[in-house]
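As given, the protein sequences belong to chains A and B, one line each in that order. The numbers in the working numbering rise by one with no breaks, and the one at position 138 of the first sequence is 138. One rule links them: number in the working numbering = place in the second sequence (from 1) + 1000.
I should point out that these hints are in silico values taken from the structure, not numbers from a laboratory. None of the values given here were measured: they were computed from a predicted structure. Heads up, some of the hints might be wrong.
[Unchecked claim] The calculated lysine-lysine pairs, modelled on DSBU-like cross-linking and capped at a C-alpha distance of 35 Å, are:
no.	chain 1	residue 1	chain 2	residue 2
1	A	147	B	1120
2	B	1120	A	3
3	A	3	A	35
[What the hints assert, rightly or not] Which residues of chain A face chain B? A partial, calculated answer using Cβ under 8 Å:
no.	residue
4	142
5	144
6	152
7	153
8	154
9	155
10	157
11	160
12	168
13	238
14	241
15	245
All C-beta atoms, glycine included, are put in the ideal place defined by N, C-alpha and C.
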Amino acid sequence: MTKFLQRWTVFAGLVVIWQLLGWLADDPFFPPPSKILSAAWEWWVLEPANFTEHIVPSVARLLSGWLIASLIGVSLGLLLGRSDRAMEYAGPLLVFLRSIPPPALVPVFLLLFKAGTSMQLATIVFGVVWPVLLNSVDGARSVDVTKVDTSAVFRIPRWQWVLGVVLPAASPKIFAGLRVSLSLSLVLMVISELVGTDNGIGSQLMQAQREFDYTRMWAGIVLLGVLGYGLNTALLAVERRALAWQPRSRDEQHA
Amino acid sequence: MSNMLEVADLGHTYGDHEAIGGLTFTVRAGELVCVVGPSGCGKSTLLRTISGLVAPSRGDVSLNGSHLAVVFQDYSRSLFPWLSVQGNVEFPLRSLPRAERRARAAEALEWVGLSGAARKRPWQLSGGMQQRVAIARALAYRPALLLMDEPFASVDAQTRFELEDLLLRVRREHDTTVLVVTHDIDESVYLGDRILVLSGSPARLVADLEVPLPAERDQVTTRTDEGFVALRSKVARLLNVGKPALDVEKWAAAERESLSETVSS
Ligand SMILES: Nc1ncnc2c1ncn2[C@@H]1O[C@H](COP(=O)(O)OP(=O)(O)OP(=O)(O)O)[C@@H](O)[C@H]1O
Ligand SMILES: [Mg+2]
Chain A
1 MTKFLQRWTV FAGLVVIWQL LGWLADDPFF PPPSKILSAA WEWWVLEPAN
51 FTEHIVPSVA RLLSGWLIAS LIGVSLGLLL GRSDRAMEYA GPLLVFLRSI
101 PPPALVPVFL LLFKAGTSMQ LATIVFGVVW PVLLNSVDGA RSVDVTKVDT
151 SAVFRIPRWQ WVLGVVLPAA SPKIFAGLRV SLSLSLVLMV ISELVGTDNG
201 IGSQLMQAQR EFDYTRMWAG IVLLGVLGYG LNTALLAVER RALAWQPRSR
251 DEQHA
Chain B
1001 MSNMLEVADL GHTYGDHEAI GGLTFTVRAG ELVCVVGPSG CGKSTLLRTI
1051 SGLVAPSRGD VSLNGSHLAV VFQDYSRSLF PWLSVQGNVE FPLRSLPRAE
1101 RRARAAEALE WVGLSGAARK RPWQLSGGMQ QRVAIARALA YRPALLLMDE
1151 PFASVDAQTR FELEDLLLRV RREHDTTVLV VTHDIDESVY LGDRILVLSG
1201 SPARLVADLE VPLPAERDQV TTRTDEGFVA LRSKVARLLN VGKPALDVEK
1251 WAAAERESLS ETVSS
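Here chain A stands alone, though its shape is the one from the complex (with noise of 0.2 Å):
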């Protein structure tokens, strides 16, 4: 509970400076956040078809994409971490393709793919599948040699080397680049809707502030932040049952 309460004061502290501020200025483009609350409980919850129309595309979008790059990232990334030879072929590219922002890269999908979910979903993947790839590539090479080793004396099948050893040894920093490529989806999922569509999330914040309605911008934000939230603790809790096998205490190499 002491702990709970230690987390939050700052949040909430801010919240009531906001909305004393708020009340204070009293100025169109940063309401309190008592107006917000309410627009977005207006808006997002009171209106179904906000919901059915923006937030599940924008949703949709956003898993879909991560999953997508996710499953990507793991199989490349496992494959070229094993293989020297993949990498040193492969790597300068990935260095090359991880540099360019994801953002540059929207005017190119708008002419391959139309606007549209192809388009929203490439810019997505293309943006999010690098932290996956990279950190499933460095989990990959840090499989230790003795392990190796054991697994070739027993001359275990294929298929048990990739998914016995090498995908649980990796497992951890797998988790950790998952974790930076659903932040980002999110980001990238907004950007993705600013432009050639008129349904999801990233949409409505433009509408609204094309729109002078600054309320409803900022309830827009707030949602994102709630969903940012949601998604990340929802992984941590995936996380931390798919990592419940390491050991917790520190002296686990020398017993």
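Please arrange chain B with the ligands on chain A, whose structure you already have, making use of the hints.
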């Protein structure tokens, strides 16, 4: 008795460093053979070429059976922390039906006295217990030959004695053929039916000694047995232990070299 392992003129060179040169020996079925030699002489290299982890530069290894198992010194790295103790023992048995796999793992854990720890994670066990899990995993695999690379070098003395006796017991009860690599002369005499003494660079076989001790061994009486003491001294002499003259020369030369390096830099 038939030969389980035949090694003929086995040699290995890393780059331009010849680690082992032309070793020839055999291991008979049911025998426990110890390979003893100074640190860095090529014992691990020998074991890695026999196990197929390294392709030897020359020579032949032939095994009378399809598979072998290895117990490494570094038990904490050789066990998989994401698997339970039982999962670790079942690890090499994935091609078997589930029920048989279970049964074999349970049996092997019983042999090493760890039936009660089957559901634990390896890192929740002491070092000695972890090495017993590694031994159980190797035994559950039913290898034609069990190779061990300094298996007891990183546990304390008490645990080491226990593990040595455990190895002697399980291999007698289950008729396992074992090749143990060690740098500990006492251990090689205590465990072995035969001792292969390696020395020099590249490593060569300097002696192949039968151990004239009864199969039943005991940590206290065996180690004070006259045969034990005599054989230990013999191996020690073969390995040049206690002849410091050469080493002093070497040390002085190294010292001069490092001194001149310090001066010139
Ligand atoms: N992968 C390698 N590449 C190059 N040289 C190696 C390699 N592995 C071992 N060596 C060298 O070969 C020699 C024999 O090494 P090896 O590990 O077989 O010795 P060892 O008898 O097992 O030593 P220890 O008792 O310390 O385990 C050493 O001089 C070592 O430096
Ligand atoms: Mg060694």
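Against the structure, the hints:
1. For the proposed pair residue 147 of chain A and residue 1120 of chain B, the alpha carbon gap of about 19 Å is at most 35 Å, so the pair holds.
2. For the given pair, residue 1120 of chain B sits about 31 Å from residue 3 of chain A by alpha-carbon distance, which is consistent with the 35 Å threshold.
3. Between residue 3 of chain A and residue 35 of chain A the CA atoms are separated by roughly 29 Å; this keeps the pair inside 35 Å, and the hint holds.
4. Using the Cβ-Cβ criterion of 8 Å, the hint placing residue 142 of chain A at the interface with chain B is not satisfied: the shortest such distance is roughly 12 Å.
5. For the restraint placing residue 144 of chain A at the interface with chain B, the shortest Cβ-Cβ distance is roughly 5 Å, inside the 8 Å limit, so the hint holds.
6. Checking residue 152 of chain A against chain B by beta carbon gives a least distance of about 6 Å; that is within 8 Å, so the hint holds.
7. Look at residue 153 of chain A: its Cβ gets to within about 5 Å of chain B, closer than 8 Å, so that hint holds up.
8. For the restraint placing residue 154 of chain A at the interface with chain B, the shortest Cβ-Cβ distance is roughly 4 Å, inside the 8 Å limit, so the hint holds.
9. Hint status for residue 155 of chain A: holds, given a least beta-carbon distance of 7 Å to chain B, under 8 Å.
10. Below 8 Å, beta-carbon pairs count as interface contacts, and residue 157 of chain A has one with chain B at about 7 Å; its hint therefore holds.
11. A least Cβ separation of about 5 Å between residue 160 of chain A and chain B falls short of the 8 Å threshold, and the interface hint therefore holds.
12. Below 8 Å, beta-carbon pairs count as interface contacts, and residue 168 of chain A has one with chain B at about 4 Å; its hint therefore holds.
13. Interface restraint check: residue 238 of chain A against chain B, minimum CB-CB distance 16 Å, threshold 8 Å, status violated.
14. Taken as an interface hint, residue 241 of chain A does not check out: its beta carbon lies about 13 Å from the nearest beta carbon of chain B, beyond 8 Å.
15. Given the 8 Å rule on beta carbons, the hint for residue 245 of chain A holds: about 4 Å separates it from the nearest Cβ of chain B.
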